[in-house]
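Undergrad: Listed here are the chains, written in short residue letters.
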Amino acid sequence: MNRTYYGKLIFELSKPGRVGYSLPKNEYEGYSLADLGATLSRQTKTILPECDELTVVRHYTNMSNNNFGVDTGFYPLGSCTMKYNPKLNEELCQLPGFNLHPMTPAKYAQGSLKLYDEVQRTLAEIAGLSRFTLNPYAGAHGELTGLMVIRQYHMSRGDMARTKIIVPDSAHGTNPASAAVCGLQIVEVKSLADGTVDVEALKPLLGPDIAGMMMTNPNTLGLFERQIPEIARLVHECGGLMYYDGANLNPMLGVCRPGDMGFDVMHINLHKTFSTPHGGGGPGSGPVGVRKGLEQFLPNPQVITKAPNALKDSNNPLSPTAYDLHCDDESLGYISFFLGNFGIIIRAYAYLLSLGKENIPMAGKLSVLNANYIKESLRSHYLLPIDTVCKHEFVFDGLREEYGGDHHSPDHVTTLDVAKRLLDYGFHAPTIYFPLLFHEALMIEPTETESKDTLDDFIAVMKRIAEEAKADPQLLKTAPHDTPVRRMDDVKAVKEPKFTYKML
Amino acid sequence: MPTNVTSPSLQGRAGSGSSFKYFPHTADDIQQMLDVIGVRSLDDLYAEIPEEIKLHRELNLPSEKSEEEVRCIIQQLAAQNKPLVCFAGAGSYDHYTPSVVPFLASRSEFSTSYTPYQAEISQGTLQYIFEYQTLMADLTGMDISNASMYDGSTATAEAMMMMVAAAKKRNRVLITKTIQPAVLAVVRTYAKFHGVDLVEVDEKDGTMDKDVARQLIEKDDVAGLIVCQPNRYGIVEDLTGLADLCHEHKALMAVNTMASALAVLKTPGEWRADIACGDAQSLGIPMGYGGPYIGYLCTKEALVRKMPGRLVGATTDADGRRTFVLTMQAREQHIRREKATSNICTAQGFMCLYVAAYLSLMGPKGMQEVNELSYASAHYLHDALLKTGKFEEVFKGPFLNEFTLRVKGDAKVLREALAEKGYLLGVPTLFMPGCLTIASTERRNRQEIDNMVELIKEMAL
Chain A
1 MNRTYYGKLI FELSKPGRVG YSLPKNEYEG YSLADLGATL SRQTKTILPE CDELTVVRHY
61 TNMSNNNFGV DTGFYPLGSC TMKYNPKLNE ELCQLPGFNL HPMTPAKYAQ GSLKLYDEVQ
121 RTLAEIAGLS RFTLNPYAGA HGELTGLMVI RQYHMSRGDM ARTKIIVPDS AHGTNPASAA
181 VCGLQIVEVK SLADGTVDVE ALKPLLGPDI AGMMMTNPNT LGLFERQIPE IARLVHECGG
241 LMYYDGANLN PMLGVCRPGD MGFDVMHINL HKTFSTPHGG GGPGSGPVGV RKGLEQFLPN
301 PQVITKAPNA LKDSNNPLSP TAYDLHCDDE SLGYISFFLG NFGIIIRAYA YLLSLGKENI
361 PMAGKLSVLN ANYIKESLRS HYLLPIDTVC KHEFVFDGLR EEYGGDHHSP DHVTTLDVAK
421 RLLDYGFHAP TIYFPLLFHE ALMIEPTETE SKDTLDDFIA VMKRIAEEAK ADPQLLKTAP
481 HDTPVRRMDD VKAVKEPKFT YKML
Chain B
1001 MPTNVTSPSL QGRAGSGSSF KYFPHTADDI QQMLDVIGVR SLDDLYAEIP EEIKLHRELN
1061 LPSEKSEEEV RCIIQQLAAQ NKPLVCFAGA GSYDHYTPSV VPFLASRSEF STSYTPYQAE
1121 ISQGTLQYIF EYQTLMADLT GMDISNASMY DGSTATAEAM MMMVAAAKKR NRVLITKTIQ
1181 PAVLAVVRTY AKFHGVDLVE VDEKDGTMDK DVARQLIEKD DVAGLIVCQP NRYGIVEDLT
1241 GLADLCHEHK ALMAVNTMAS ALAVLKTPGE WRADIACGDA QSLGIPMGYG GPYIGYLCTK
1301 EALVRKMPGR LVGATTDADG RRTFVLTMQA REQHIRREKA TSNICTAQGF MCLYVAAYLS
1361 LMGPKGMQEV NELSYASAHY LHDALLKTGK FEEVFKGPFL NEFTLRVKGD AKVLREALAE
1421 KGYLLGVPTL FMPGCLTIAS TERRNRQEID NMVELIKEMA L
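Sequence order for the protein chains is A and B.
The numbering used here numbers the first residue of the first sequence as 1 and each following residue consecutively.
The numbering used here numbers the first residue of the second sequence as 1001 and each following residue consecutively.
If we strip away everything but chain A, and leave its shape as in the complex, we get (with noise of 0.2 Å):
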């Protein structure tokens, strides 16, 4: 990206007197806030800046130009599935019709509701599940609602000894944290040297004591666990439900649902595989899916259709209430404040629609023609440890000896070093250092929505990046060059924390 830095915060802007905003008259007289009294009134002065309006928007401009987005440029970020995010979605949801206060009676809601539901719906039949919840907010609370789910159908059963999870070593970090925050105890599962799980290993955690099983598949080294129909039977035998982590959900749509692979509760990242901008970090939405029998768990409010009689019946004829709001009392609870991200549900619809039965399929298939594209063409210059067709994303260990030295040795060039050259040469970084299964990792995920011009281009880079290596790796180990700023002084955030502005 072009260098570019502007290093201002906005208290910094600040002038004494300056306004930014425009509010109506008092119209009421009588009424002060200084009633409220002493006691109950803020008394520390705040540091809120005082700016204009032109001052605001070149401050957030400016700082925009600091900043790289897929709108920049290629995002191959693994596990991320950073794909183009539509405008028109961005439009639709923006629609005044949709800004309804959450307590809205359903009557005056019923294009909310009926949204909610075609999404549910939708959902469910690319998952191969019966019914979906759109309450979570993004993927972790996906997983813990999904868990929450497990566990209530146990204690439903009065059985209460099932308090053992089983987590792949691959797993994603929040597998086992989401199940840490749901009180459930982690055992995990070893991957064999393919990377896929190893069912020898896993038989004898089996037992009366185990919840379920959460897996993602693919893997997080991008490989189908081709075991899954004998891992499902094996969880399901001993009386454990499968839980399916969706973030790699993305290749497999239309092709293979994990509803059919034998998952019984799974979580959906719409900010992933249905093309909702990531926002820096949020906000998301973490859609959870259940097998028939488990719909009654999931949480509180659930949005519900009415049966075509119950309309006739209506008091009021004229304008039936098709959908409502539902709390069922078999539900785990509430998790969220009400109906989820609702705004980013809109855009999820949008995209769903665009694409239809015909290019929800080829997305799956375009992504994963893309990552073994890339994996091919750069092979001969970086580690690859696991050599087969992989879905979505792939995991190189680091450069090739040749190019980037011996692993062991403590001056070789890591990959870290070739994540930062990478933003030198206009490409946002893979992710790094992830899976742990290998010390270099370097896991690539292209998207369906990058071109083959892109994948050359990026592949031409990272050859040459691998030449840098050999030939100058001090070039690489003091990259990024070209980037707004250089790289950070990481120890020093941590030794010397400071948090705000009023730290500096």
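Bear in mind the hints are in silico, worked out from the structure with no lab data behind them.
Mixed in with the good hints there might be a few duds.
[What the hints assert, rightly or not] Subject to a maximum C-alpha distance of 27 Å in a straight line, what follows is the list of computed BS3-like cross-link-like pairs (lysine-lysine):
| id | chain 1 | residue 1 | chain 2 | residue 2 |
| --- | --- | --- | --- | --- |
| 1 | A | Lys-203 | B | Lys-1339 |
| 2 | A | Lys-463 | A | Lys-477 |
| 3 | B | Lys-1365 | A | Lys-45 |
[As the list claims (entries may be wrong)] Covered stretches of chain B, going by a simulated chain A footprint (3 or more residues, C-beta under 8 Å):
| id | segment |
| --- | --- |
| 4 | 1065–1074 |
| 5 | 1108–1114 |
| 6 | 1142–1149 |
| 7 | 1186–1198 |
| 8 | 1215–1225 |
| 9 | 1307–1321 |
| 10 | 1431–1437 |
A virtual CB, placed ideally from N, CA and C, is assigned to each residue, including glycine.
Please build the complex by placing chain B on the supplied structure of chain A, with the hints as guidance.
TA: Below, chain B without anything else, positioned relative to chain A:
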């Protein structure tokens, strides 16, 4: 190609390129790429998947739609909603959003980026989060803020888990029953599954019964107390003495506050609380049928290592310039896995930009004015409703912009009749039959209030 894997139409599409606006692949591109990979078709890329679990049919979904068709469908859905003039709150408030805020938020350099792991090309995101952290820490009167939680209810649940984690051997957390019901419901769920012994402190005359809280805290087995400001009836509670009591008994105190009110009400810091949490939707974020909003969580510096979520810190780059990075990541799930302070990963980062831009425009004067106007309009409405003779007071407590009244007659009928006329009068007060909790903001003008009150006068209840 195994013919049963995909529909003939898909094979045709692959053969002739994708012909879809979000897919750039031409037929030649696909062929060349397949050749490099060494497979014959796209379906060959899925050869390892057992046939019995593949989907041997098309998805049962509608066909692709053109841009205009999609626009039309979603516009029709929006038109089936009927936004009402909003006199409701209960955690979501209809405040004014300066046009600059959504305009700046539409900059896709911000919105289409990921969590700022690569700090060298993410200074925009990191800097607005740093500003957000500063602003929220300042508003709450605490030392530090994290880079957002999902919403106010999950932020409060995280505060509860923080208390238990900080206390080590204590597992009991007290929470006032006067907190917003939507918050209490979520905290209960988290407590149930996380194994926290959540004790709900009874209320008396519309505020938490401090004597009950005191007796519980004096048992010396409480990790923390969660109180709120204003409460579910709109009442501003007097929290005097509670923090000292907690601290004497080695418990923490958290205050849940509607964020806009922090500018004028005694802050969690001034109440000597250890944690401040709540929803920042009231800082200019549209009601949007419940989301996206942004939860905030602030605390004392001493508790930073117990804090969930992302934290942005200042540092310097190789050229010595002031820069910003994600820091203290050793607390987080991608490093600590099951030992992390929380499972939170993606939260509501982008909404930090909304909050930072909003507060930058409003400044101290604007925040004072917004609260002054909301206070005046809510009190005017309160008095006007009482004058109709169709409402009566329930509690005497002071309020900011939300209050609870009992309807003399059928509250449900009144609320529904007003909705027919285009007004959303409050929300039914939980466990208080016949009562409505009603809110107003600076967006409601006197004419709207007078018109609605006239309608109420004419109604037979």
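Undergrad: Look at each hint and say if it fits the structure.
TA: Against the structure, the hints come out as follows:
1. Lys-203(A) with Lys-1339(B): Between Lys-203(A) and Lys-1339(B) the Cα gap is close to 26 Å, so the pair holds against 27 Å.
2. Lys-463(A) with Lys-477(A): 17 Å, holds
3. Lys-1365(B) with Lys-45(A): Judged against 27 Å, a Cα distance of about 11 Å means the pair holds.
4. 1065–1074: As far as the segment 1065–1074 of chain B goes, the hint holds, because 7 residues have Cβ atoms under 8 Å from chain A.
5. 1108–1114: holds (count 7)
6. 1142–1149: holds (count 5)
7. 1186–1198: holds (count 8)
8. 1215–1225: Our answer is that it is violated, as 0 residues pass the Cβ test (under 8 Å) against chain A, missing three.
9. 1307–1321: holds (count 11)
10. 1431–1437: violated (count 0)
The structure fails hints 8 and 10 (numbered hints given earlier, in ascending order).
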